[in-house]
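Protein chains: 2
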Amino acid sequence: MKEANDYLLINLLGTDEQQLRLARVKDGMRAAGIETAIVRSNTNIYYLTGRVFRGYVYISLGLDEPLYFVRQPSTLRAMPGKKIYHVRKPEEIAAILAEEGMPVGGRVALELDAMPYAEALRIAKAMGMDAPSENISPVLRNARAVKTACELSKLRTSGEKQTLVYERIPHLYQEGMSDIEFQIEIERASRLEGCLGIFRIGGSEMELFMGNVLTGENADTPSPYDFAMGGAGADPSLPVGADGTVIKPGIPVMVDVNGNYTGYMTDMTRCFYTGSLSERAGKAVRLSIAICDELAAMMKPGAKASDLYERALALATEAGMEEFFMGHRYHAGFVGHGIGIEVNELPVLAPRSKDILEAGNVIAVEPKFVIPGIGAAGVENTYIVTADGGQCITNAPLDPVRLD
Amino acid sequence: MKEANDYLLINLLGTDEQQLRLARVKDGMRAAGIETAIVRSNTNIYYLTGRVFRGYVYISLGLDEPLYFVRQPSTLRAMPGKKIYHVRKPEEIAAILAEEGMPVGGRVALELDAMPYAEALRIAKAMGMDAPSENISPVLRNARAVKTACELSKLRTSGEKQTLVYERIPHLYQEGMSDIEFQIEIERASRLEGCLGIFRIGGSEMELFMGNVLTGENADTPSPYDFAMGGAGADPSLPVGADGTVIKPGIPVMVDVNGNYTGYMTDMTRCFYTGSLSERAGKAVRLSIAICDELAAMMKPGAKASDLYERALALATEAGMEEFFMGHRYHAGFVGHGIGIEVNELPVLAPRSKDILEAGNVIAVEPKFVIPGIGAAGVENTYIVTADGGQCITNAPLDPVRLD
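Top line first, the protein sequences correspond to chains A and U.
Numbering (this note's numbering) for the first sequence: 174 to 577.
Numbering (this note's numbering) for the second sequence: 174 to 577.
Simulated from the structure, these hints should not be mistaken for laboratory data.
Keep in mind the model is a prediction, meaning the values are calculated, not measured.
Think about it this way: if two alpha-carbon atoms lie no more than 20 Å apart in a straight line, the pair counts; the simulated DMTMM-like pairs of lysine to aspartate or glutamate are: (1) A:Lys262 <-> U:Asp286; (2) U:Lys262 <-> A:Asp399; (3) U:Lys473 <-> U:Glu483; (4) U:Lys262 <-> A:Asp286.
Here are some of the chain A residues that sit facing chain U, going by a computed Cβ distance under 8 Å: (5) Phe226; (6) Glu360; (7) Glu380; (8) Asp408; (9) Ser410.
A virtual CB, placed ideally from N, CA and C, is assigned to each residue, including glycine.
Same shape as in the complex, but just chain A (with noise of 0.2 Å):
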């Protein structure tokens, strides 16, 4: 576990780490022409200190190092020789920056993608602005697209694990059981390999609790989340992903669920059965197979995101199954997603995605299909962009598995 002095170090990454994101941070704020800025989300605030806390990291082109004003806990400690500022609300910062000399009064960048409007307005004026004018969102985000190796460490072990667990999978299912009582072995068997549980997804619209696991009729049922696949979920409170369907002999089960277990997460998809599998979803999980190898080949520094969407595609429209592509009666409008400390990150493979990838991007491709009659067939995996193309981090058993 951890060491109890350090871990009140409110810099968890070390200098060094810091330091490579931050660089990150500040080239894309040069870029943007953002002078400072204000980080105040969990999960920014993370990816700059390595912890969660409540308060603010101030990022300024002109400082070597952030200043943390820290509401909670008020426990948290500088490195040696530096100093963190205790605040009760967002006001206070102007007067602290004003004390130790700091300028106060330019613009300040602030998340607004993420933030609150009423909260973003109210820190803008406490900083001295009418009004919210810059967004660091953006540049964020691009940092967070190209992982450190330290990241990159932290997703392999993520990859790791969920893939020990995913091993375990044909274990956990006893004859007669629902979509949700599969799904509930599977989160129990996650949780005690060290998954977290929590899922972060980016943007306030997007819900899901552990992972989605679905079979049958159930997956071509659209959900409101912009997901890969849909389902109807278990109450209309939470329309997506397993309805209590029970699993029928022939048909596959798709188990996607959570890989979130160091903070950095990894996805992965793959399929099970009972009875001897249905000719057509077998085809189905073969030719996703083949699209997964063909974007992992791609997956170059230089490559176009789009491209390997109209490439996925192609090969799925060579095949005869366009119709069922993403989905049938919905259609998810990409093939694939940045993934990092939340399941949606750049870059995008979609087809009208502008990213282009680079060696440290970290990408789960999910080429998916929903056939009427029988559901949802497919495997997903998470690669790390490298200059020999994707490496796969999630290394579960691709071929569908018998369960009984």
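Dock chain U against chain A, hints included.
What follows is chain U alone, placed relative to chain A:
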């Protein structure tokens, strides 16, 4: 399960129930001088329609019923004889309103406490405003604070199911378990009973997985989240709750796990132990029960929320337990909170709360203690405010239950 046809209706509440809720919202709008509002958050769309969809609910004092602008799923239908509008982006709303002969260009209130800044600005501009001005968030928060009979029924069901699970908890313990391992078995039992898992919390700063199980010194670790209790958690990316501490004889294990079985959550906490429970812990639990009883008796329409907090604090002080009340190294600033679709609704039982209790408020009361060397002790119950006082809907046995 659901009827396929009815399930496609955008208003799953039925006309009467929706009108009850709308009447509360419209009263609030009139009091706040708001003529029209656009609601977009999942929680408030669920409140207004009984389902979650991706889109907008347009409420106008001049219209008997809301208008629905739906992005997804596109399969949703209006009630017979009514219309809904499918849109791809908010910019289409104004044109549709104009086509339908509705007034466009006036001020439209938005959920400014919840909606991200950039999105609020975009919708305001789409509606012909320079910037958002009026905030519908407080109106909706106040409306939701008083539950309808239908909502109370969902809350009672959650309380009954959560009680069944809590009664099963002693059978889930095995010798040598850590707090996390114990929590995982409680999570599984909850899910098997129908718990939806998702834990909705207002405010972007708050995060929790399925609940909080605390034992020993870990209970005294301050957390950045504004929950009654803290804990280090398993990882600095989610610093709250169980941290892997092994359950030890005599030391209470405080269990506060998700009661969301219906889209409406109840909140219940109980203590468990192995061996013989520390006398101080037993005393703290008895004091907590006594405070709950006193507060329940005060829970009548017209009571001041702040008086309930003060009474709880006075009882803790009389018992010489003030130092440990609602935490030790860090003290939470409240002893109870409204609960429903989210875990942090109105009213709030806190010293500076201006809330006045009304019949139909649903309040979780959690007078808890953190004692150094022992850990967390106390109970929590969820009550409906009635003319006769608080009616408890979380009815698992109150006394600490031995596990071994």
